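Asks: Whenever a hint applies, use it, and build me the whole structure from the sequences.
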Amino acid sequence: MKIINRYAKTFKIEEKLEAGIVLLGSEVKALRAGHADISNAYVRISGPEAYLINAKIFPYKFSRIEGYQEDRTRKLLLHKKEILALKSKMDQGKFTIIPLSLYLKNGNFKVEISLVLSKNKRERHKDERRKAIELEAKRELKNTI
Numbered sequence: 001m002k003i004i005n006r007y008a009k010t011f012k013i014e015e016k017l018e019a020g021i022v023l024l025g026s027e028v029k030a031l032r033a034g035h036a037d038i039s040n041a042y043v044r045i046s047g048p049e050a051y052l053i054n055a056k057i058f059p060y061k062f063s064r065i066e067g068y069q070e071d072r073t074r075k076l077l078l079h080k081k082e083i084l085a086l087k088s089k090m091d092q093g094k095f096t097i098i099p100l101s102l103y104l105k106n107g108n109f110k111v112e113i114s115l116v117l118s119k120n121k122r123e124r125h126k127d128e129r130r131k132a133i134e135l136e137a138k139r140e141l142k143n144t145i
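Just so you know, this note's numbering puts 28 at position 28 of the sequence shown, and the rest follows in order with no gaps.
Hints were generated in silico from the structure; no laboratory data involved.
Computed from a predicted model, the values in this text were never measured in an experiment.
Certain hints may be false.
[Unchecked claim] Label-pair ranges, simulated between beta-carbon atoms:
| id | residue 1 | residue 2 | range |
| --- | --- | --- | --- |
| 1 | K138 | T10 | 21 to 29 Å |
| 2 | K29 | K138 | 34 to 42 Å |
| 3 | N143 | L104 | 36 to 44 Å |
| 4 | K138 | H79 | 41 to 49 Å |
| 5 | K29 | Y51 | 32 to 40 Å |
| 6 | T10 | I53 | 52 to 60 Å |
| 7 | L77 | K29 | 15 to 23 Å |
| 8 | Y103 | E14 | 15 to 23 Å |
| 9 | I53 | K29 | 16 to 24 Å |
| 10 | E49 | K105 | 18 to 26 Å |
| 11 | S46 | T144 | 55 to 63 Å |
| 12 | R124 | I53 | 20 to 28 Å |
[Stated by the list, open to error] Straight-line distance between alpha carbons at most 20 Å, and here's what the computed EDC-like set of lysine to aspartate or glutamate pairs gives:
| id | residue 1 | residue 2 |
| --- | --- | --- |
| 13 | K138 | D127 |
| 14 | K56 | E18 |
| 15 | K61 | D71 |
| 16 | K75 | D37 |
| 17 | K105 | E18 |
| 18 | K89 | E14 |
All residues carry an ideal CB built from backbone N, CA and C; glycine is no exception.
Replies: In structure tokens, the structure reads:
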């Protein structure tokens, strides 16, 4: 099951990385069932560690939910060199780190994180126009056949 961040389209992607994530057992079962939302999540680097913040993993149906926080902060597993590189790039410009997707790879859950810049209004409008033109071309092609 792959969980995708749909709001990542509003950003310019500069660099992508794959990171492991520290999860509880019930969170793993919930992710296997696809019960998660990473649309408002972001990554914060504090000291030598990276954390995934505001990623919601909803409680597993058959587990105990007393004291369970669905949007708790989860530690990301990255090499020290990768964390230092991300931190230095964030200090240089107006970058943000967001998760693009959450997926299962060889029995372990991975998070694809990305260093991004936000698009301005003009660029967003240009993308919307381009998508509208492509959609119109597809419709015309479909009607002619």
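Asks: Each hint needs a verdict: does it hold in this structure or not?
Replies: Hints and how they fare:
At roughly 23 Å, the beta-carbon separation of K138 and T10 lies within the given 21 to 29 Å, and the hint holds. Roughly 40 Å separates the CB atoms of K29 and K138, a value that falls within the hinted 34 to 42 Å. The supplied range of 36 to 44 Å is met by N143 and L104, whose beta-carbon atoms lie about 41 Å from each other. At about 43 Å, the CB distance of K138 to H79 agrees with the hint of 41 to 49 Å.
A hinted range of 32 to 40 Å for the beta carbons of K29 and Y51 is inconsistent with their spacing of about 22 Å. T10 and I53 have their C-beta atoms about 19 Å apart, which leaves the hinted 52 to 60 Å range violated. In this structure the hint that L77 and K29 lie 15 to 23 Å apart at CB holds, the actual value being about 20 Å. Checked against the given bound of 15 to 23 Å, the beta carbons of Y103 and E14, roughly 21 Å apart, stay inside it.
I53 and K29 have their C-beta atoms about 22 Å apart, which keeps the hinted 16 to 24 Å range intact. For E49 and K105, the Cβ-Cβ distance of about 21 Å falls inside the hinted range of 18 to 26 Å, so the restraint holds. Between S46 and T144 the C-beta distance comes to about 57 Å, which sits within the given range of 55 to 63 Å. Hint check: R124 to I53, Cβ distance near 25 Å, so the stated range 20 to 28 Å holds.
Proposed proximity of K138 and D127 is supported: the alpha carbons are some 17 Å apart, at most 20 Å. Restraint check: the Cα-Cα separation between K56 and E18 comes to about 19 Å, which is no more than 20 Å; the hinted pair holds. A hinted pair counts as satisfied when its Cα atoms are at most 20 Å apart, and K61 with D71 qualifies at roughly 17 Å. Distance check on the hinted pair: K75 and D37 sit about 17 Å apart at the alpha-carbon level, within 20 Å; holds.
A hinted pair counts as satisfied when its Cα atoms are at most 20 Å apart, and K105 with E18 qualifies at roughly 11 Å. Annotation: proposed proximity of K89 to E14 holds, straight-line Cα distance about 10 Å (limit 20 Å).
Checked against the numbered hints listed earlier, the structure breaks hints 5, 6; every other hint is satisfied.
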